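Numbering-wise (the working numbering), the sequence shown opens with residue 1 and increments by one.
Just so you know, the hints here were simulated from the structure itself, not pulled from any lab data.
Check the hints yourself; a few may be wrong.
What the hints assert, rightly or not - List time: in silico EDC-like cross-link candidates among lysine to aspartate or glutamate, alpha-carbon distance up to 16 Å:
{"no.": "1", "residue 1": "Lys-164", "residue 2": "Glu-145"}
{"no.": "2", "residue 1": "Lys-83", "residue 2": "Asp-56"}
{"no.": "3", "residue 1": "Lys-83", "residue 2": "Glu-73"}
{"no.": "4", "residue 1": "Lys-83", "residue 2": "Asp-93"}
{"no.": "5", "residue 1": "Lys-164", "residue 2": "Glu-125"}
Since the structure is predicted, the reported quantities are computational estimates derived from the model, not experimental observations.
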Amino acid sequence: LDQLAILRLCVFFFNDTATTEIYTLSLPTLFRSLRGEEEILVYEPEVHRDFLGRADAVVVLDVGEIYRLGRLEEAFMRSTAAKVCLDHHGNCDPVFHHRIVEPSAGSTGEILFGLLRAMGTPLTEQVATPIFAAISVDTGSFSYERCTPDTFYTAGELVAAGAKPYAIHLALNWQRRIGEVDRKSVV
């Protein structure tokens with residue numbers, strides 16, 4: 001599974017004032033270098049089923065079709081939490097109570113950036129780095145046709161806030177353990 005697929009499977013659970021990130025698969029080293037390991041959980045049905053049931057809201061990023069949640073789909077469907085979809089793709093299943101979908105955006109990270117700005121969230125390096133990484137992955141390192149001037153403006157704002165493009169590039173593209181490399185494609 002590539003970085004984009006893993007990033008798209010990211011799901012945030014809000015419970016009271018605490019926010020926890022849970023992923024459906026184990027994260028490669030590259031994502032762990034961008035975020036502290038203590039903030040990241042890998043979804044295990046036996047362990048997290050109750051946690052999901054207690055969540056007030058579940059915000060799914062960059063996945064509008066719930067079948068793409070994989071093994072998290074069943075628990076997601078059973079949850080009584082408010083379900084929010086934040087995506088730049090046009091497809092968004094009706095199971096979501098709230099849909100923040102902006103097909104004109106080059107990436108979901110840009111939409112998230114706009115929401116954080118509108119809420120007055122301080123833009124720190126800790127906030128800017130994962131959003132810059134999300135935009136970079138979702139736009140093919142800023143090369144896809146969906147990139148707009150707004151994509152680059154947002155990236156500039158994130159760099160001004162402390163995101164380090166070269167360090168993020170290295171983390172996303174060059175820092176992998178041998179077990180994370182698809183050996184079938186290695187010549």
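These are the hints, each one checked on the structure:
1. Lys-164 <-> Glu-145: Not OK: Lys-164 and Glu-145 at ~23 Å, beyond 16 Å, violated.
2. Lys-83 <-> Asp-56: Answer holds: Lys-83 to Asp-56 is near 9 Å, not above 16 Å.
3. Lys-83 <-> Glu-73: It holds: about 12 Å lies between the C-alpha atoms, which stays within 16 Å.
4. Lys-83 <-> Asp-93: Cα-Cα ~11 Å, so holds.
5. Lys-164 <-> Glu-125: Measuring from Cα to Cα gives roughly 9 Å; hence the hint holds.
Of the numbered hints given earlier, the model fails hint 1 alone.
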